[in-house]
Amino acid sequence: MADGPLRGIRVLDLTHVWAGPLATRVLADLGATVVKIEGPLSRGPRRYRGGLSIGGWIGGKTPSEPWNLNAVFVKLQRNKQSVAIDLKHGDGRETFLRLAREADVVIENFSARAMPELGLDYDDIAAGNPRVIYVAISGYGQTGPYRERVAFGPSVEGLSGLTNVMGYGREEPRNTAMALMDPITSVNATAAVLDALRRRERTGKGAYVEMSLHEGGVSYSGPWLIEHQLGGKIEPIGNRHPQMAPHGVYPCAGDDAWIALA
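Numbering (our numbering), first residue to last: 1 to 262.
Quick caveat, the hints were computed from the structure, so don't treat them as lab data.
Keep in mind it's a predicted model, so treat the numbers as computed, not measured.
Every residue, glycine too, gets a C-beta built ideally from N, C-alpha and C.
Take the hints with a grain of salt, since some may be wrong.
[Unchecked claim] Simulated restraints on C-beta separations: (1) P116 / P154: 25 to 35 Å; (2) P154 / G238: 16 to 26 Å; (3) P251 / G167: 31 to 41 Å; (4) T203 / W258: 51 to 61 Å; (5) G119 / A260: 48 to 58 Å; (6) G119 / E210: 17 to 27 Å.
With the sequences and hints as input, model every part of the structure.
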């Protein structure tokens, strides 16, 4: 664990993939005690899966004991502790609730239906710990027509509007190639936790914090949304800039020589 300004803050980490784990990693880097809750068999969707590794193996080769050597898993889980609990089992659920009574923060990024079905949503946690800060991250929010949809960053990008202005023309649809919605949302979640902790110092009250990958992406689409509402035409602009010139990548003398101006 790291020593930092969040020393003494206890976080239960129910997150997976990228947006949630990155947020809890930052909290751990700031000194919080972060306990990652893992399934008793799966050990997390990005730790090890049948020889496949998203992000590659540390050292470049599949090791004989690969469970802690998945590059993405190690990158996102540093400074954390872990415990295996079967939340679908009655004893596991009660164990988690006991831990939650002592936690400052509980953070999860399942679909909106998952935690209520387990009987572990905010109301269940706050009943035993009214000072808890509960962060729920989903693809499209806890309410609305898309609430039950599972989501990953690349699939959310199109609905956010960001991909509408990427690329060089309509015939070449693009995305960011890096699931940009995830790190955007992780920064939002980290800031929300810090704000809620500060607020709790003043009021003594916990908080329920909801956010989604979709709203994180839409928050970066503001200029284009306003332009569209005012009747403007939104289209991909390649490397150009709507207000500045020169702006782009230009060929130079020589073989495959270029200069980028921004």
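Verification of the hints:
The hinted window of 25 to 35 Å between P116 and P154 holds, with their beta carbons roughly 27 Å apart. Checked against the hint of 16 to 26 Å, the C-beta distance between P154 and G238 comes to roughly 21 Å, which is consistent with it. A beta carbon spacing of about 20 Å between P251 and G167 contradicts the range 31 to 41 Å that was offered as a hint. The hint said 51 to 61 Å for the Cβ distance between T203 and W258, and at roughly 55 Å that hint holds.
Remark: the range hint 48 to 58 Å for G119 to A260 is upheld by a beta-carbon distance near 54 Å. Distance hint check: the CB atoms of G119 and E210 are about 19 Å apart, consistent with the given range 17 to 27 Å.
Consistency note: the structure conflicts with earlier hint 3 alone.
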